[in-house]
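Chains as they are written, first to last, in UniProt numbering: chain B, 1 to 470; chain L, 1 to 470; chain F, 1 to 470.
It should be emphasised that the hints constitute simulated quantities derived from the structure, not laboratory data.
Warning: the hint list may mix true and false statements.
Identical copies carry no separate label here, and so any pair may be met within one copy or between two of them.
With a Cα cut of at most 25 Å, we get these calculated DSS-like pairs of lysine-lysine [to be verified]:
no. : residue 1 : residue 2
1   : Lys444    : Lys73
2   : Lys291    : Lys332
3   : Lys333    : Lys232
4   : Lys73     : Lys275
5   : Lys201    : Lys232
6   : Lys385    : Lys291
7   : Lys385    : Lys187
8   : Lys385    : Lys109
9   : Lys161    : Lys99
10  : Lys161    : Lys73
11  : Lys275    : Lys434
12  : Lys444    : Lys434
13  : Lys444    : Lys109
14  : Lys99     : Lys187
15  : Lys187    : Lys161
16  : Lys187    : Lys109
Next come the chains, spelled out residue by residue.
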Amino acid sequence: MEKTSTDTLPLTMISSEKQETVCIFGTGDFGRSLGLKMLQCGYSIVFGSRNPGMSSLLPSGAEVLNYSEAAQKSDIIILTVHREHYDFLTHLTEVLNGKILVDVSNNLKINQYPESNAEYLAQLLPGAHVVKAFNTISAWALQSGALDASRQVFVCGNDRKAKQRVMDIVRTLGLTPLDKGSLMAAKEIENYPLQLFPMWKFPFRLSAVLCVFFFFYSVIRDVIYPYVYERKDNTFRLAISIPNHIFPNTALTLLALVYLPGVLAAILQLYRGTKYRRFPDWLDHWMLCRKQLGLVALGFAFLHVLYTLVIPIRYYVRWRMNNRTVVQAIAKKENPFIISTAWLSDSYLALGILGFFLFVLLGITSLPSVSNMVNWREFRFVQSKLGYLTLILCTAHTLVYGGRRFLDPSTLKWCLPSAYVIALIIPCTLLVVKFILILPCIDKPLTRIRQGWERNPKFLESALNGKTDL
Amino acid sequence: MEKTSTDTLPLTMISSEKQETVCIFGTGDFGRSLGLKMLQCGYSIVFGSRNPGMSSLLPSGAEVLNYSEAAQKSDIIILTVHREHYDFLTHLTEVLNGKILVDVSNNLKINQYPESNAEYLAQLLPGAHVVKAFNTISAWALQSGALDASRQVFVCGNDRKAKQRVMDIVRTLGLTPLDKGSLMAAKEIENYPLQLFPMWKFPFRLSAVLCVFFFFYSVIRDVIYPYVYERKDNTFRLAISIPNHIFPNTALTLLALVYLPGVLAAILQLYRGTKYRRFPDWLDHWMLCRKQLGLVALGFAFLHVLYTLVIPIRYYVRWRMNNRTVVQAIAKKENPFIISTAWLSDSYLALGILGFFLFVLLGITSLPSVSNMVNWREFRFVQSKLGYLTLILCTAHTLVYGGRRFLDPSTLKWCLPSAYVIALIIPCTLLVVKFILILPCIDKPLTRIRQGWERNPKFLESALNGKTDL
Amino acid sequence: MEKTSTDTLPLTMISSEKQETVCIFGTGDFGRSLGLKMLQCGYSIVFGSRNPGMSSLLPSGAEVLNYSEAAQKSDIIILTVHREHYDFLTHLTEVLNGKILVDVSNNLKINQYPESNAEYLAQLLPGAHVVKAFNTISAWALQSGALDASRQVFVCGNDRKAKQRVMDIVRTLGLTPLDKGSLMAAKEIENYPLQLFPMWKFPFRLSAVLCVFFFFYSVIRDVIYPYVYERKDNTFRLAISIPNHIFPNTALTLLALVYLPGVLAAILQLYRGTKYRRFPDWLDHWMLCRKQLGLVALGFAFLHVLYTLVIPIRYYVRWRMNNRTVVQAIAKKENPFIISTAWLSDSYLALGILGFFLFVLLGITSLPSVSNMVNWREFRFVQSKLGYLTLILCTAHTLVYGGRRFLDPSTLKWCLPSAYVIALIIPCTLLVVKFILILPCIDKPLTRIRQGWERNPKFLESALNGKTDL
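Make the full structure from the sequences, and use the hints.
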């Protein structure tokens, strides 16, 4: 679009006779893909190139000029050039003055340079309005239209008007702009596409530690112990039996760890008598990745279910049952039916199924499109009430599974109790503490603290002033 | 819309020299969180407070003034104060005149006051442009950025310009504004965050009733009857066997009830000979919660699958099979293989699996993000064609499960047939009626009615006038 | 923001005294529903009708005039009339001149007319600004608010200003506009609601072919062969055993076919020495429906899991195990426990479970709302790394399932190996080729080609010019 004096129509509503012209510096893959997409959406495109006569593969309908000429054609220039080559722009200071310069670049490593590419650009050309955008979109996605990964385009810049112009373009291309504020956010935006599941790191590491612990614990009890005492080769248990000890115990522990930070926060608030002091960083981080922790726990629970359901198909199980029956038949001995055992067996299965069912429900409601449909009251009802019910059911499932063998000395091997006894420690403690916290005598002051009341109002004025506000 | 003259810039594109200033009345949690978020998105914030000198905890960069001074700094004021304290605004009538006043308040109960807070505010200050917004967003979500629940911000107000301004702010904060019309919608918007799954109430109650019915029915047949006649203690069946009667029967009945209102509506339209008369309210409401009914049915089906798959792990089942084999071996009697039994057993399992598979597919396509990717033809194909196929498979699964025992007098206990016979009544009736409805001689007039034709055109003019229109 | 002088308002911000008036031509279902929705969102509506005095059922608050009068009331006219009746508009050429005319029509068949309805309209009325919109939204959805299918409204038109106006209306109604460019896109937009899963056609046909092949292959080996040689009636295997051969083999083959086009593309790029030549059309199409192929494969895998888990409940399996035990008991012969068999049995189950688990994870990340939350690096990590791991696990599962029987002559029937041997051909070949491709000596040139390097740079200038650009 040519420079508009202030006496014309609003910028987003170009008079129909003229299309908005956008200039793209650089004719690499990304520049070409973006140019093609913008042409399709009704923009007029001018490419700026070092050797305009030699550029090829450009989308038909686009003009190619040298940098300076191209820049004069539009007041918005999209820069699809590597940061290392930004120097050439210093020769164009004059023509770029007052124009909108869109930085789409990415780096190869997180925090590769002391300042973000966009901030570096803004230093090079103080007269231009630098806007960071489009760096999260891939050239291939633009070309194929298969925007399977994010449609979100993070936009930041110091000039609200320039930012608004760029966000209008983003919207016209069928993408979703998200304003991240001033150019100071550019560093974060540039790091974003280089991240690999940052919120999942802590849950993955934690579950890896738990898995390794339960693995060695089970190997000692189920493989090494029988080998030492009975010379029995139990190594085949490594394929199914031992994973089916690791997965449920890890899942239960992780599920308890989802609700532990909430309880710790409540205790801290009770102790401090105020909610207006920040939690320690580790607690903050823990609270922010509870959803990920819960989903990892759900993964382990799902594996546990599958590992359990294949039990009757296993050769080992079929052999053992066949063998026991044959031995009994030869001895002409029938088994009596013990009702209490039937009760225990059916109860732990039923508790496990119900717990897993609620767990799957929790997982479904954490899908972005589902959680986006519910209001806060509903979301908290599901995540808190249903979450605790899930934890209670899963803990009860494990307790009943233990049943009469629970802490029975005959199940100890080298003084080690079964793995599920270890896994029960955190959930049981948590549930007891939570139960104490919801006793009226403790719940009341806590609720008051959460509504803004303070025991030792250091921030008296705020307490006075803000207590009537939302 | 009239053509505007061309001598000013649009409101959303502020000249870059000055940031837009927004005033926030109230320094409670929500006001502070909103202020911080808006500062981050490039707004300039002025807090209005009773005691500006004593306010603390406010985000750095924000100014704090008394109400009157703060209001003069901006033409848009966000009011984060409880409704009970709105009176103080009457002293500011003059300074608030012509300004945009955003009401973000919520109540504690649904329909707590005769009029909505926003309408009450508009009555207090007739000169201000009141806009309702932001009441569905929590302070915690704004602070942490973890907008797991809805990103949708419902906006309503009588002044389109004021509403547009507020919607621009909402969009800039990365949220999604949704225009709900005039201030008359404020009541609904204020009730929204207080609701707890309103569309799920009817399905939950209905399934609770069905569960209770099938529970007592099964207890009478499977626990009380054997106790009375054989003094057998079957109580352990309460854990798995009886739930596994309740769940599939409830699921099948609910699934049929998903398709029943559609059939009733068709019969009603055929009877009335027009589609231009409203359905009774109960039918309307039933039709609107079909999706929820179906999802509840899927939940029960999922539980039924899990309860069925654990059967071979149950102590009771293992004991029974072991015992039978031992008895046979002692009697030296081999069982003959009955091919027809193998056919029946495998068929009902296969039908059940295929029905469950389609049911899960239906559930997945009802996820908001999936259903948003399909067009109407595809959506109706899945929900109607696949839906009926699911119902047919599940009904057939139950019929074949019954197999030869179906209505066999020996299965009657106190004249009560098995629970699945009861559960088959609605689906079988429905399928027969549906089959009649798709007979050409009935389908043809129905299709014509649905295209706007009327048998007794009371609304003759409309039929004449509109029949060529979409 | 400072107060703006009041002598103009931007186009989107109508002065509050006057509501924007929109005219709707046609009083059919769609026109009435749209009118009602727009009234609720604060627009003023005028219906244009042939017989304004005789129109009924119209939403209260709307005016009804004849076409010409109605058109004069607004500069935006929404045309809800079938294409066959567009002729009447020619009488209104003058009054429609310069106005925005929104075409919402759909046809009954794909490509029913040589040109799209919107283009036809633009030819009829060259002076009007024709915009195509709203054709993907159903009247019922507008009325009930249950927008379960797409909320996306595709918009196209040659006039940017007119398009922008229509997109503002779309947004105000709570829908999501998507700019598809000039009016040339109207044909595609009109065909869209008539499509039935176009991307799924190839995957469905392919899997149907595979299913039929594996069906007949299994029937020959498992039903016809035993009947011919042993006169055994194995037909009951058609219900579960044979589907449980068809499903896993189809799933494995389809999963391999998801990754085959990527490998073929890499070989083609290596052979051509450039990435700047288009792939053949069949390869392009294949690559674009990989996601659908993968999801169909996941469906078959899911069915395989269910069919496998019901094995121990089947009458046939229970009878066989019971019979074997009875025979053994009568013969007083105990089975020895073979550790290697236990290892094989447990390993193939464990590999299958882990493969299925990763497969489900892949499926979940392909949900639109989930894939929209991840960046490109994460998306490619999941779809490529995790995808190959899934393929390796599933192939290993099948290999170990074969175990010692693999290609054992005794398993050949009429020289036909078991079905899983056939299903292993493509995955094993693919994995070997992929392994060769990631050898450093081959991976290096491939990576350079993908970064833009060319072996025989026909497009030398582009290579020179673009290589420093993104």
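Hint-by-hint comparison with the structure:
For the identical chains of this complex, Lys444 and Lys73 are neighbours neither inside a copy (67 Å) nor across copies (41 Å), given an alpha-carbon limit of 25 Å. In this assembly of identical chains, Lys291 and Lys332 lie within 25 Å of each other by CA distance neither inside one copy nor across copies; the values are 56 Å within and 57 Å between. In this assembly of identical chains, Lys333 and Lys232 lie within 25 Å of each other by CA distance solely across copies; the values are 22 Å between and 27 Å within a copy. Taking identical chains as interchangeable, the C-alpha atoms of Lys73 and Lys275 are never at most 25 Å apart, the minima being 56 Å within one chain and 31 Å between chains.
Taking CA atoms no more than 25 Å apart as the test, Lys201 paired with Lys232 passes in neither setting, with 39 Å inside one copy and 55 Å between copies. Proximity of Lys385 and Lys291 under a CA criterion of 25 Å is satisfied in both settings, with 15 Å inside one chain copy and 24 Å between copies. Proximity of Lys385 and Lys187 under a CA criterion of 25 Å is satisfied in neither setting, with 39 Å inside one chain copy and 28 Å between copies. For a Cα distance limit of 25 Å, the shortest separation of Lys385 from Lys109 across copies, 20 Å, qualifies, whereas the shortest one inside one copy, 42 Å, does not.
Taking the closest pair of Cα atoms, Lys161 and Lys99 come within 25 Å of each other both inside a single copy (11 Å) and across two copies (23 Å). Taking the shortest alpha-carbon separations for Lys161 and Lys73, both the intra-copy value of 19 Å and the inter-copy value of 21 Å come in at or below 25 Å. With identical chains, the CA atoms of Lys275 and Lys434 are at most 25 Å apart within one copy only, with a shortest distance of 19 Å there and 56 Å across copies. In the homo-oligomer, the alpha carbons of Lys444 and Lys434 lie at most 25 Å apart inside one protomer (14 Å), although the nearest pairing across protomers, at 57 Å, exceeds that limit.
Only between protomers do Lys444 and Lys109 lie at most 25 Å apart by alpha-carbon distance; the minimum there is 20 Å, versus 50 Å within a single protomer. When the C-alpha separation of Lys99 and Lys187 is checked against a cutoff of 25 Å, the pair qualifies only within one copy, where the shortest distance is 22 Å, while the shortest distance between copies is 37 Å. Taking the closest pair of Cα atoms, Lys187 and Lys161 come within 25 Å of each other only inside a single copy of the chain (21 Å); across copies the shortest separation is 35 Å, beyond that limit. In the homo-oligomer, the alpha carbons of Lys187 and Lys109 lie at most 25 Å apart inside one protomer (12 Å), although the nearest pairing across protomers, at 44 Å, exceeds that limit.
Checked against the numbered hints given earlier, the structure breaks hints 1, 2, 4, 5 and 7 and satisfies all the rest.
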